[in-house]
Amino acid sequence: MSDRIVLIGVGNEYRRDDGAAVAVLAELAAEDLPVDRITLCDGEPTRLMELWEGADLAIVVDAVHSHPGEPGRIHQVTVDADHLLADPLADSSAAAGTHGLGLGHAVALAAALARLPRELLIVAVEGTDFSIGEGLSPAVSEAVPRAAAEVRRTVDAHRAKETGS
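For reference, each letter of the sequence shown is one residue, going 609 to 773 in the working numbering.
Just so you know, the hints here were simulated from the structure itself, not pulled from any lab data.
Glycine included, each C-beta is placed from N, C-alpha and C at the ideal position.
Any given hint might turn out to be false.
[As the list claims (entries may be wrong)] Cβ pair distances, simulated, as ranges:
(1) 746 <-> 664: 34 to 40 Å
(2) 721 <-> 750: 36 to 42 Å
(3) 662 <-> 772: 19 to 25 Å
(4) 771 <-> 742: 37 to 43 Å
(5) 746 <-> 772: 28 to 34 Å
(6) 772 <-> 741: 44 to 50 Å
Could you put together the complete structure from these sequences and hints?
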């Protein structure tokens with residue numbers, strides 16, 4: 609039986625750079641990425657936990673604010689349920705999500721409830737413009753293919769490990 613892989617985008621395409629995950633998911637869905645589910649979420653912690661429940665690998669793509677920021681920079685955080693010591697996204701100097709409680713809170717809550725996937729990869733793209741409107745800033749638009757490539761590499765590596773290749 610193959611491992612279950614889910615890809616979750618967190619964002620809102622009507623808040624400019626907050627639509628980064630929407631763009632990454634669209635690119636990956638168009639190429640038939642070998643995952644069990646691709647879905648968009650608003651980032652609410654219990655919804656995230658429901659979406660990654662039972663997954664061996666969950667990949668979450670999100671846009672983040674960072675101060676000072678470098679728009680288009682991609683951050684990756686891997687959370688291993690067996691080695692989680694604290695909320696990996698709670699550091700005030702780290703990039704912060706654009707949603708109410710945020711992804712860090714979802715991870716901390718899921719860890720406390722023992723509802724993390726076996727492995728969780730967070731791919732976060734630094735944005736600059738989160739105002740109301742459509743369209744990504746140039747730096748974030750240029751980052752979308754790089755973020756998609758990171759997701760693709762992770763899925764390919766996970767599938768190769770699963771088959772022993």
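Verification of the hints:
no., hint, in the structure
1, 746 <-> 664: 34 to 40 Å, "holds (36 Å)"
2, 721 <-> 750: 36 to 42 Å, "holds (38 Å)"
3, 662 <-> 772: 19 to 25 Å, "holds (23 Å)"
4, 771 <-> 742: 37 to 43 Å, "holds (41 Å)"
5, 746 <-> 772: 28 to 34 Å, "violated (42 Å)"
6, 772 <-> 741: 44 to 50 Å, "holds (48 Å)"
Of the numbered hints stated above, the single one contradicted by the structure is hint 5.
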